[in-house]
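Q: Chains as they are written, first to last, in this note's numbering: chain A, 1 to 180; chain B, 1001 to 1566.
If you're looking for bench data, these hints aren't it; they were derived computationally from the structure.
Some hints could be false.
The calculated lysine to aspartate or glutamate pairs, modelled on EDC-like cross-linking and capped at a C-alpha distance of 20 Å, are [what the hints assert, rightly or not]: (1) A:LYS136 to A:ASP157; (2) B:LYS1071 to A:ASP30; (3) B:LYS1423 to B:GLU1166; (4) B:LYS1015 to A:GLU14; (5) B:LYS1167 to A:ASP30; (6) B:LYS1016 to A:GLU163.
Just so it is clear, the structure is predicted and the values come from calculations on it, not from any experiment.
So you can see what is in the structure, the chains are spelled out below.
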Amino acid sequence: MKGVVFSEFIEMVEDKFSPEIADRIIDQADLPSGGAYTTVGTYDHAEILSLVGCLSNETSITPGDLVQAFGSYLFSRFHTAHPSFFTGMNSAFDFLGKVEDYIHVEVRKLYPDAELPSLECEAPDTNQLRMTYRSKRPFAALAEGLIRGCVAHFEEDIDIAVEDLSDGAGTAARFVLIRN
Amino acid sequence: MNELEILRRRLEREKKARQAAESIAEEKTRAIFEANRGLQRLNESLEETVLQRTAELIDARDLAVEANRAKSAFLASMSHELRTPLNAIIGYSEMLLEEARESEAQRQFREDLGSIQSAGRHLLSLINDILDLSKIEARKMELFFERFDIRGMIDEVVTTIAPLAEKNKNRLIVTCPDDIGTMKSDLTKVRQSLFNVLSNACKFTANGEIELVAERQRHDGAESILFTIRDTGIGMTEEQLAKVFDAFAQADSSSTRHFGGTGLGLTITRNFCQLLNGRIYASSKQGEGSVFHIRLPATPAQPSAVPEPAADPAPAQAPRTVLVIDDDPAARDLICRNLARQGVRAITADGGLDGLHAAREQQPDAILLDVLMPRMDGWSVLTALKTEPALAEIPVVMVSMLEDREMAFSLGATDYLTKPVDKEKLQAILDRHCQPHTARSVLIIDDEPAVRDRFRHILSKQGWQVTTADNGAAGLAALADAQPDLILLDLIMPEMDGFEVIAQLRRDARWRDVPVVVVTAKNLTVEDRLRLNGAVQKLVRKTDSGLSELPAILGDVFPAEEPAAD
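Pulled out of the complex, with its shape left as it was, chain B reads as follows:
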C-alpha cells in the first residue's frame, strides 16, 4: 500500500513535471515563432533595401553610361572640330610651300613653312591616336572587311615609312614573296598596324636595319599572314617589354619627351589585331633590338556581318593607257603596279624595237621609257618616236638611274624620272601630261572655305574648271545653272548635308549620272556606307594623305579622254 502510495505520488510529480515541460515547450515554441517572424520581417525589409539599392545602382549606372556616351560623342565631335582647322593649317602651309618653291623665295621662309606643316601633321597624328583609342574603349571601332593585295599594301606602307627610316639613317629591308596574294581584312587597320610598329622601329633605331617580312602560313588549321618587324635598335628590358602594349605606359616615360608620340601606337595596334582576330607579340633584348610579330587571319574566321561593297562601277570609258618600255622585268612590274593603282592601263615592251611596234599598234596616252637597254637604247627609241608623225605627239617620260635631264629634253622628252620611281612623282607627271583634251568641270560642295580653296588649287592646276558651293542647297542650285562633269561632295554640312544631296541627285533624271566623289572627315559607319553604296564613285578621306591622292582618284573616275571628235 505504502509502495503504491509512493508510486502514485511519483506519478503525480511526473505528471506535473510533464505539464511544466509542455508549457515550457509551448512558451519556447511561441518564442521561436516570434523570432522567426522577426527574421522574416527583417528579411523582407532587407529585400526591400536590396531592391532600393539595386534601383539606385541601376540609376547610377545609367547615368554613368549616358555620361560616357556623351563623353565619347564629345570626343568624336571635338576631334572632328580639332581636325578641321588643322587640315586647313596643313593644307595652306602646303600650298604656300609649293608657291614659295616656285617663286624661289627665301630659304628661311620655306623652312618655317615646312616646320608649320610638319608640326601640324604631328599634331594631327596625335589627335588621331587619341580618337582611335577612345573609339576602341567605347567599343565604337567598326571594321570594314575587303579583299586586298598584300604586296600592294606593303608597298604603300613602305613608301610612307621610308622617309622616317632615312631620318635616322636606317636601312629598310622588305621581304615579301611575289605570290603572297591577297587577304580579306580591314585594310586601313592592317596598314596602320604595320605603320605603327615600323615607325616605332624607325624611332628607336639609328644607323641600323629595319626588316619587314611577310609570309603566308598555315596556323591552327587556318591560313594566316605573319608580318615580322625586326630592328637593330635600342631594344627593351624585360620590364619594358612586359608593358609595351599598355596604354599610357611608354617603355620609358622620358621617351615621350625624347622620342615623341602619344605612346598609344602599340596599344592601338594590339586592339586592332584583336579586333581582326589576330594577335601581336614581341621579343626584345636591350641594346640589340626588338622583334614584333603580327599574325592575322588571311580571311575573317566568321563571315563578317558587314557586306562587301559592290565592285566599283566599270568605268564608262576606256582607261588611260601607258606604254612601259624597259628591259628589266622587275622595273616593269613595279611601274605597272604603280600605274594600276592609279587606274592606268599599262602595256609593256622589253626592248626598244618591241616598244616602237607597240606604240604604233596601241597609240598609248604616254610612254615611260628606260634609257639603258641592250641593242637599242632609250635615246635611240626617243629619237625614233619623235621622228614618226603618228607617234611624235605622245608624251615620253624618260626613266633612268642616271641624271641626264638635259639630254632627255634636248631629244624631245616630255619629262624625266629617276629610278627607283617615286609613286607620287609618277602620278604627278602622268596627271600633268595625260590630261583630258577638253577642260572638265567640277562642282565642289563643302562648307569649309579652306577645303574649297585647297581643292580649287589642286584641281585647277590640273586643268579642271572649278565651281564651288558652301552647302547642299547651294550646290543643287549651282547644278541647275550648269551641269558639271563631276561633283566633289562633303558629307557633314549645315542646312543640307551630303547624304541629302545624293538622295536628291538620284531622284532627278538630269543629274542621276553625274559622278560623285565623296570627300569626308567623318568616320563612316556601316549604315553610312550602305547609304552611300552604289550612289558614289569614290570615297576620299579628308586627311592629308587622302587629299594628296585626290588627283589619282579623279583619274580613276575619269580614266580616259573623250574619244577625239574627229
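Excised from the complex, chain A in its bound form:
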C-alpha cells in the first residue's frame, strides 16, 4: 500500500486525537516499518490494520467507523493535493463515475506496481449510482469513507446504502447512492 495512506493516517490521528495517541499506537502496533512512513514508500497494508486496531482500543471506536472516518479525511486531503482531478466535475456522481476510468488510470501511470481495487459503476437512472467495490484487501469501509467524503465535498443530499458482498471480510461491497 502506498506510503501516502500511512502518513495521512498518522497525521489524522495526530490531528483529530493527539500526538501522544499517535505515538502510542505506533509503539503498540509493533510495526515492521517502525512507523517511519514516507509518501514515496510502499508498506504492507497489514500495518494500517494493526494501527486501526490499536486506535480502536485507545478510543473505543469500532475499527469500521475509524476506517470510514479516515476515508472521508483522505478524500479531503486528496482534493487539497490533487485539485486538477476536480476540474469540470460538478457532482459526486460525476466524480465517482470517473474514478475507475480516469483517476485509477492516472495512478497506474505514476505507480505501475500499485494494486488498485476495482470499482464498477452503473447508473440505472440519473439519480441513482450503483458502485461495486472489489479488492484483495479488506478496505470496503475505506471505500465507503471516501464515497461519503466525496458526497460531503460536493454538498449534495445523497442517501448511501451499503451491501456487504464478502461475508464481513470487507473485500467486496456494493454502494447504492440515491440522490434526493
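Please arrange chain B on chain A, whose structure you already have, making use of the hints.
A: The following block gives chain B in isolation, referenced to the frame of chain A:
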C-alpha cells in the same frame, strides 16, 4: 518530559522516513538514469538504422536514375534505329511512286505505293510523338530560341495542314494581321504545337470550319502572341475536356481506333507551351466544337542561355532573281514571300509594260507572269518577251486562275502554275528552270545506302554531279581525288563521324571554303550546335519534310549561277 520523549521519537521516525525516502529517490534516480541510457542506446541504434536505410535508399535511387537514364538512352537510340529504316521505306516508296507516275504504270500499283508511303509517314509521326514525350519526361527536351516571322510560320503550318482539312471537307480560315511581325521562340516547337492542335481539329471536324487566329497582345505587362484554334467539330463533354491534355487519356479510348494517333499530341503541346513560358487552354461544347488557345511570350522572359546562332554567312554570290508581274498586290506579296523563303530575290511589277521595262533593266533569271491583267494582259507580255532577243531566253512561268496550258506553251512559256500558287510546285519549277549553267558537283557522305540513293536521285535530277562516300574517312579520300562544289554530310557514322570530318576540313586550307550542308537525324544538343556553328552552311533534318526541302536549301547555299564567263 513525556512530551519531549514523544517529540524525540517522532523526530526519530521522521529521520528514518527521510532516509528511506532518500534511498528510494536514489534508487529511482538510478532507474531513471538507466532508462535514459537505454533510450540513448536505442536512439543511437535508431540513428544507425536510419543512416543504413538512407544509404540503401540512395543506392536504390541511384540505380533507378541509372536505369531511367539507360531507358532514355535506349529509347532515343531505338527511335533513331526505327526512324532510319522507316525513312528508307518512305524515301523509296516516294521514288517508286514518282517513277510509277512518269511511266504511267497501273493505277493499282500506284495506289499501293501511296499506301506504303502514308502508312510509313503515320508510323514515323507516332514514333516522333513517343520520342518527344520520353524526352520531355526525361527533361532532355532542349530549346532553341530564334527570331522568326510569325506570318511565314503560319503559312507553313497552313500549307502542311491544308490536305488534312480537305480530307474531311473542312474549310480552313486563317486570320493573321499583316503587321503581326516576329517573335523569338523555339520555331520548331511553336510550329509543332499549332500543327498538333490544328490536326486534332481537322480529325474531329467534318464538313465544318476550322479557324486559326493569331494576335499580338499585351498580357500581364508583356508582349504575347495568342493563337486561337476554333473548330465546329464533335466537341467534348466536361469530363473529356478535363483530361484532354493528359498523356495516354484520349477523350474516348475508342477514338484511338476511330481517329488514329497516339493521343499524345496535346500532352506534348502542353509541355512545349510550358517549356516556352506560355500556356494552352481549351473550352468545348459537345456537338458544337472546341476552342484551343495557345498564348506564348513574344520574346523569352529571361535571356535564354542558348546563344543565338550566328547569322547565315552572306552568300558569296548574288541570289537568283525572279521578276513577278501581277496586278494584284496580295498575289505579288504571296509569291514574293514564297520566293524569299527559297532564297530567291524577287522584283515586282504591277503591270505588263512595267514588267517588260523591269525585265530589260534587271535581266532576271526567270519571270512569273500573271495572265489576267488590265491594259496589257499576260499573253501580250509573253509574246513581247519572246520577240525581244535580249529577253527571249529568260524562262517565263505563267501564273493564272485559268487552266490554259496549251495557249501558254504555244506562246513559248516555259511552265504553267495555277493560283493559289503551291509552294512546292513553284520551288520545283524554279529549281528546274533556274539551274546553274554548269553542272555542279556534290559529295554525299552518309553511311546509309538508302539515304545516299535518295539524295543521288533528287540531286542528279537537278543536274548535280554526284559522288558518294559511306563514312568520314572515305569522304576525305574522295575529296582529295576531286574537290566538289558542295558537301552533304551526315553526322553519325561509323569510323569517322561528321563532327570529325568538319574539324579536318577546317584544318586544311584546300577544303576550308567548301560549303557543307549537314543532314542529320540526330537531335542536336546545344553543344552540338556550338560545334557546328559557323562551320556549316545549313542544317537539314533527315525527315521527310526536311529532305523535300533540300533543293530549296541547296538553292540558298548556291543562290546564283556563276557569272557568265563571256
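Q: Against this structure, judge whether each hint is valid.
A: Hint by hint, here is what the structure shows:
1. A:LYS136 to A:ASP157: violated, 31 Å
2. B:LYS1071 to A:ASP30: violated, 88 Å
3. B:LYS1423 to B:GLU1166: holds, 17 Å
4. B:LYS1015 to A:GLU14: holds, 18 Å
5. B:LYS1167 to A:ASP30: violated, 115 Å
6. B:LYS1016 to A:GLU163: Roughly 41 Å separates the two Cα atoms, so the pair is violated.
Violated hints, in rising order: 1, 2, 5, 6; the structure is consistent with all others.
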